[in-house]
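Trainee: From first to last, the protein sequence lines stand for chains W and P.
To convert a position in the first sequence, counted from 1, into our numbering, add 1035.
To convert a position in the second sequence, counted from 1, into our numbering, add 216.
FYI, nobody ran anything at the bench for these hints, they're computed from the structure.
Take the hints with a grain of salt, since some may be wrong.
[Said to hold, decoys possible] Computed, partial: chain W to chain P, Cβ under 10 Å: (1) 1064; (2) 1068; (3) 1070; (4) 1074; (5) 1077; (6) 1080; (7) 1087; (8) 1113; (9) 1116; (10) 1133; (11) 1221; (12) 1232; (13) 1235; (14) 1236; (15) 1240; (16) 1244.
[Claimed, not checked] A partial selection of chain W residues facing chain P, derived with a Cβ cut-off under 7 Å: (17) 1063; (18) 1065; (19) 1179; (20) 1180; (21) 1222.
[To be verified] So the derived label-pair ranges between C-beta atoms look like this: (22) P:342 - W:1182: 27 to 37 Å; (23) P:237 - W:1292: 28 to 38 Å; (24) P:354 - W:1057: 16 to 26 Å; (25) P:404 - W:1135: 46 to 56 Å; (26) P:460 - W:1215: 37 to 47 Å.
Predicted, not measured: the structure shown is a model, and the values here were computed from it.
Even for Gly, the Cβ is constructed at its ideal location relative to N, Cα and C.
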Amino acid sequence: MLRTLRTVPTLLRVGFASAVAYRAEFLVWLLSTNMPLVMLALWSAVARDAPVGRFGQRDFVAYYLATLVVRLLTGAWVIWELNMEIRQGLLAFRLLRPVHPLLTYACENIAAVPLRIVVSLPVTIGLLIWAGDGRITHDPLLLALFPLMVLGGWLITFLAMSVVGSLAFYIESAGSLFEIWMGLFGVFSGYLVPLELFPHWVGALARALPFRYMLAFPVETLIGLQGRDRALLELGIQWGFVLVLFALARSVWRVGLRRFSAYGG
Amino acid sequence: MLRYPRYLRLLGVQFRASAAMAMQYRIEFLVEGALALFWIAWALIPLMVVFGRRPSLAGWTFDEALVVMGWFTLMRGVLEGAVNPSLQSVVDHIRKGTLDFILLKPADAQFLVSTARFEPWRIIDVAGSLAIFGVAFHRMGRVPQPGHVLAALALLVCATMVMYSLWILVVSAAFYVVKIDNLSFLFSSIFDAARWPSSVFRGAWRLVFTVVIPLAIMTTYPALALLGRLDLLTAAETLLGALAFAVLARLVWIRAIGRYTSASS
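Please model the entire structure based on the sequences and the hints provided.
Mentor: In structure tokens, the structure reads:
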């Protein structure tokens, strides 16, 4: 265990170096996260004359800029890597190392976070300026817990990707399966449309699914759409999902690995 | 002039090869087909939420916006069925240096690479878009006039040409930077905004969506033509713009292919 932990700083350094090396790719990936801005433009047009529900134009600015920040910070790409490495047998190289492959993936993904923070800083500043100071929560406890919520959101993203990615041990089209996951995410996480604006039952359903805790929960807490009690309760649910997905990812991985035979290796 | 029948025949051969390939994966057809239907239905959700709040948006009613959505579905079918797959394969060729084999063939290289692969299953998107048109016009209680349908078909050709030219420009970039997988992802993510009528967007987005990446030409103008609201001047401009784009793409392709160094050199 201790030996495994000692490898983490090195893995992070390697990951960071490769994130810096592929700056151009990183930039392109960044530009492709433009959906919140498009939706912001759209809803601004809708709310130009009168507010929608309790969302005025400035509330939409706050909501979608916060969405962009959380999305930039919680992104992961392990599903594509897993899918490719399982199919092409490249996973064999990872298995040779004395560290759990999921840990090495996690380190590679986390190592890009400093760069992501650098990029999301201007968005955050924009959020503070345009949305006005009244729209960020004043609750010091919630502000202090915000990094924990983002971490929880990242873990759910990463672990869910690991679970679906590990299905590539069994089926050919794990990628298509993940597309469905992304579709559900778009609606039930509040990524496209704030969950409040849906009919009531969609919001209620979203509270029972993991998607809300990947995005809408930290966003709504940050811009003060929900109070302290509700936020603390949801923080508990979020980490509950993290634990369940962690257990699931480990067991799917362990069972799936038995079917893995590195072709040609 | 004599060579054109030959290219038509070549196109037929390439298409038959793709069809034969696709026939081998019948289960995939079911999966992809189900996914396509899922996405078509899913894409309507934000539209319904927005128009559930307002009777019209930037001069568009729900039914008219539905026509834009129909064009979006159709063009996405064109993008993912005819444009994306072959250009994905040319990127592979460039990276591995196997483009040599194509350049050696006695036919135009741009023609060969851009007809290399089709995904016949995307016909489902076309069917889906026709269904959407049907619903939209049924709700409006009228039938599009033959003249308007013809104009819309002409604009469909323009839209396809612009989309194809943009793709050639993207692929030309592959001769300069090696990893381009993300660029296709970026293109799809920007194209996603084409599901909304272009007049919804203002300021910087409008500039991006009409000049830099002419999304308006791809979905909004054909929709306007089908609704009979497109004036002749805009139609002529669209035609000229599409031609200019195609010429530009051809010139850039010729320059870019000069930069190609095969694998060994």
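Trainee: Against each hint, give a clear statement of whether it holds in the structure.
Mentor: Verification of the supplied hints:
The beta carbon of residue 1064 of chain W comes within 6 Å of a beta carbon in chain P, closer than 10 Å, and the hint placing it at the interface holds. Taken as an interface hint, residue 1068 of chain W checks out: its beta carbon lies about 8 Å from the nearest beta carbon of chain P, inside 10 Å. Annotation: residue 1070 of chain W was flagged as interfacial toward chain P, and the flag holds, the nearest CB pair being 7 Å apart, inside 10 Å. With 10 Å as the threshold, the beta carbon of residue 1074 of chain W comes within range of chain P, its nearest partner Cβ sitting at about 8 Å, so the hint holds.
Restraint check, residue 1077 of chain W versus chain P: the minimum CB separation of about 6 Å is within 10 Å; hint holds. Against a cut-off of 10 Å between C-beta atoms, the interface hint on residue 1080 of chain W holds, since the closest Cβ of chain P lies about 5 Å away. With 10 Å as the threshold, the beta carbon of residue 1087 of chain W comes within range of chain P, its nearest partner Cβ sitting at about 5 Å, so the hint holds. About 16 Å separates the beta-carbon of residue 1113 of chain W from the nearest beta-carbon of chain P, more than 10 Å, and the hint is not met.
Given hint, residue 1116 of chain W at the interface with chain P, is violated; its Cβ is 12 Å from that chain's nearest Cβ, farther than 10 Å. Annotation: interface hint on residue 1133 of chain W violated; nearest CB of chain P at approximately 30 Å, more than 10 Å. Because the smallest distance between the Cβ of residue 1221 of chain W and any Cβ of chain P comes to about 8 Å, under 10 Å, the interface hint for this residue holds. Against a cut-off of 10 Å between C-beta atoms, the interface hint on residue 1232 of chain W holds, since the closest Cβ of chain P lies about 6 Å away.
For residue 1235 of chain W, the interface hint is violated, the least distance from its beta-carbon to any beta-carbon of chain P being 13 Å, above 10 Å. Given the 10 Å rule on beta carbons, the hint for residue 1236 of chain W is violated: about 13 Å separates it from the nearest Cβ of chain P. With 10 Å as the threshold, the beta carbon of residue 1240 of chain W stays out of range of chain P, its nearest partner Cβ sitting at about 13 Å, so the hint is violated. Restraint check, residue 1244 of chain W versus chain P: the minimum CB separation of about 15 Å is more than 10 Å; hint violated.
Taking 7 Å as the C-beta cut-off, the interface hint given for residue 1063 of chain W holds, the closest approach to chain P being about 4 Å. For residue 1065 of chain W, the suggested interface contact is broken, since its CB lies about 9 Å from the closest CB of chain P, more than 7 Å. Among the interface hints, the one on residue 1179 of chain W is violated; its C-beta lies about 34 Å from the nearest C-beta in chain P, farther than the 7 Å criterion. At its closest, the beta carbon of residue 1180 of chain W sits 30 Å from a beta carbon of chain P; the interface hint therefore is violated under the 7 Å criterion.
About 6 Å separates the beta-carbon of residue 1222 of chain W from the nearest beta-carbon of chain P, less than 7 Å, and the hint is met. For residue 342 of chain P and residue 1182 of chain W, the hinted distance range of 27 to 37 Å is not satisfied, since their beta carbons lie about 47 Å from each other. For residue 237 of chain P and residue 1292 of chain W, the Cβ-Cβ distance of about 32 Å falls inside the hinted range of 28 to 38 Å, so the restraint holds. Checked against the given bound of 16 to 26 Å, the beta carbons of residue 354 of chain P and residue 1057 of chain W, roughly 50 Å apart, lie outside it.
A C-beta distance of roughly 33 Å is found between residue 404 of chain P and residue 1135 of chain W, which places it outside the suggested range of 46 to 56 Å. For the pair residue 460 of chain P and residue 1215 of chain W, the beta carbons lie near 40 Å from each other, so the given range of 37 to 47 Å is met.
Figure legend: structure checked against the earlier numbered hints; hints not met, in rising order: 8, 9, 10, 13, 14, 15, 16, 18, 19, 20, 22, 24 and 25.
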